[in-house]
Structures are given as C-alpha cells and as structure tokens.
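Throw the hints in and build the complete structure from the sequences for me.
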Amino acid sequence: DQQVKQNSPSLSVQEGRISILNCDYTNSMFDYFLWYKKYPAEGPTFLISISSIKDKNEDGRFTVFLNKSAKHLSLHIVPSQPGDSAVYFCAAIGNSGYALNFGKGTSLLVTP
Amino acid sequence: DTGVSQDPRHKITKRGQNVTFRCDPISEHNRLYWYRQTLGQGPEFLTYFQNEAQLEKSRLLSDRFSAERPKGSFSTLEIQRTEQGDSAMYLCASSLSATGNEQFFGPGTRLTVL
Chain G
3 DQQVKQNSPS LSVQEGRISI LNCDYTNSMF DYFLWYKKYP AEGPTFLISI
53 SSIKDKNEDG RFTVFLNKSA KHLSLHIVPS QPGDSAVYFC AAIGNSGYAL
103 NFGKGTSLLV TP
Chain X
305 DTGVSQDPRH KITKRGQNVT FRCDPISEHN RLYWYRQTLG QGPEFLTYFQ
355 NEAQLEKSRL LSDRFSAERP KGSFSTLEIQ RTEQGDSAMY LCASSLSATG
405 NEQFFGPGTR LTVL
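One line per chain: the protein sequences are G and X, in this order. Here the first sequence stands for residues 3 to 114, where the numbers follow this note's numbering. Here the second sequence stands for residues 305 to 418, where the numbers follow this note's numbering.
I should point out that these hints are in silico values taken from the structure, not numbers from a laboratory. Just so it is clear, CB atoms sit at the ideal spot from N, CA and C, and this is done for glycine as well. Certain hints may be false.
Going by beta-carbon spacing under 7 Å, a handful of chain G positions derived as facing chain X [claimed, not checked]:
hint: 1; residue: F48
hint: 2; residue: F64
hint: 3; residue: F104
hint: 4; residue: G105
Within a straight-line C-alpha distance of at most 27 Å, the following computed BS3-like cross-link-like pairs (lysine-lysine) qualify [to be verified]:
hint: 5; chain 1: X; residue 1: K315; chain 2: G; residue 2: K106
hint: 6; chain 1: X; residue 1: K375; chain 2: X; residue 2: K318
hint: 7; chain 1: G; residue 1: K106; chain 2: X; residue 2: K361
hint: 8; chain 1: G; residue 1: K7; chain 2: G; residue 2: K56
hint: 9; chain 1: X; residue 1: K361; chain 2: G; residue 2: K7
In structure tokens form, the structure reads like this:
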C-alpha cells in the first residue's frame with residue numbers, strides 16, 4: 003500500500019530548462035512533505051520541505067508546490083544543471099508519526 | 305565532518321551469519337532512525353529512537369532484527385541468521401526534535417547476503 007507515489011520513474015531535461023517532478027499521496031493525515039536527492043552509493047540528501055499550511059516554498063533554484071485538495075506536490079528546478087542529475091525522492095510524514103513515507107523516486111537526467 | 309556516519313559501508317556475508325551495523329548521528333540530534341532501501345524502491349522505515357528509548361518499530365523489523373542506542377548517541381542494528389532477502393542498503397538518519405521533521409541521512413551500509 004504505497005501511500006506516496008511518484009509515477010514517473012525517469013525524466014530527461016535539457017540544461018537551463020525547467021525540471022518538474024511530481025508526487026501524489028493518499029493519506030490525508032500527512033501534513034509535512036520533503037524532497038530528497040540521492041546520488042549513487044550515497045544516502046539521500048535533504049533538499050526542501052513544505053508544511054501543509056503552505057502551498058509554496060522556495061529555496062534558490064528549487065520550489066515545491068503543494069495542492070492539498072488534489073493530494074499532489076511538485077518540485078520545480080529552474081534552471082536545471084547537469085549536477086542536478088540524480089534520483090529524487092518525495093517523502094511525507096504525519097503529525098503523530100516519526101516515519102518518513104517515501105515514493106519510489108524519479109531519476110532526473112539533465113543533459114548539456 | 306559533522307554529518308551522519310555509518311560503518312561499515314559494505315558488508316558481504318553468508319546466509320545464516322549475524323551482522324551488526326553502526327550509526328553515529330549528528331552530535332546534537334536526539335532522534336535516530338533506521339531505514340532499509342532495496343533496488344527500485346524508496347527507503348522504508350524500520351525503527352526510531354528518541355535519545356536511548358526505542359519508540360517505534362515497523363512490522364518490517366522481524367524478530368531477527370534488533371536495534372539499540374544504549375547511551376542516546378550511536379546506534380547499532382543487528383541482523384541474526386541473515387537471509388538473502390535481507391540484502392539491501394541500510395540507512396541511518398538523525399534529526400533534532402526541536403527543529404522539525406527534516407531527517408538527515410548517512411551514506412548507508414550496503415549488505416549482500418550470499
């Protein structure tokens with residue numbers, strides 16, 4: 003019962019363009035959402051997060067949008083750079099829990 | 305380096321052997337988590353400590369798995385009588401309860417059971 007879903011296993015974008023990674027969730031008790039970036043043979047690195055009381059959070063080139071009614075969030079990377087090539091995981095947590103619930107990840111390839 | 309560290313980075317063992325992994329969290333972090341990641345999947349939660357107390361365990365954590373955090377600092381995860389299905393990346397993360405939900409991960413221990 004995957005509660006966090008990333009339906010696109012992979013995405014290829016040209017350098018300088020926008021990358022949009024999508025994530026859907028099913029559990030309405032989730033109230034905090036995070037994006038992690040993972041390079042091969044390394045642990046996930048925290049990227050950006052958003053609370054359910056907000057609909058947007060921005061940090062440099064990274065912006066996360068949350069649509070609670072649709073149970074959908076997205077990560078925008080503008081402009082995309084080759085160093086952004088990695089697997090991106092969406093994760094969610096409820097206010098009474100400690101466990102991060104992860105999606106299966108989206109592999110982003112940014113080509114020069 | 306003040307990040308989360310894990311040891312060993314790689315472990316190859318034969319089926320039936322016991323293995324133990326260590327995690328050193330970020331020094332001021334009072335919360336520590338263990339996750340497991342298999343190929344093509346996101347990390348899956350195993351267990352959670354606040355200081356030395358183990359407060360939550362996933363149903364994924366069978367009786368062959370045990371985790372400790374004896375002094376509220378480093379943690380160990382032991383797998384007894386390993387099975388081929390235990391082959392995975394074991395990830396440790398830590399966080400500070402006062403600052404929110406962000407968890408910071410270590411590099412992981414890659415376990416291969418032959």
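Going down the list of hints, with the structure as the test:
no.: 1; hint: F48; result: 5 Å, holds
no.: 2; hint: F64; result: 14 Å, violated
no.: 3; hint: F104; result: 3 Å, holds
no.: 4; hint: G105; result: 5 Å, holds
no.: 5; hint: K315(X) / K106(G); result: 24 Å, holds
no.: 6; hint: K375(X) / K318(X); result: 31 Å, violated
no.: 7; hint: K106(G) / K361(X); result: 21 Å, holds
no.: 8; hint: K7(G) / K56(G); result: 21 Å, holds
no.: 9; hint: K361(X) / K7(G); result: 23 Å, holds
In this structure, the hints that do not hold are numbers 2, 6, in rising order.
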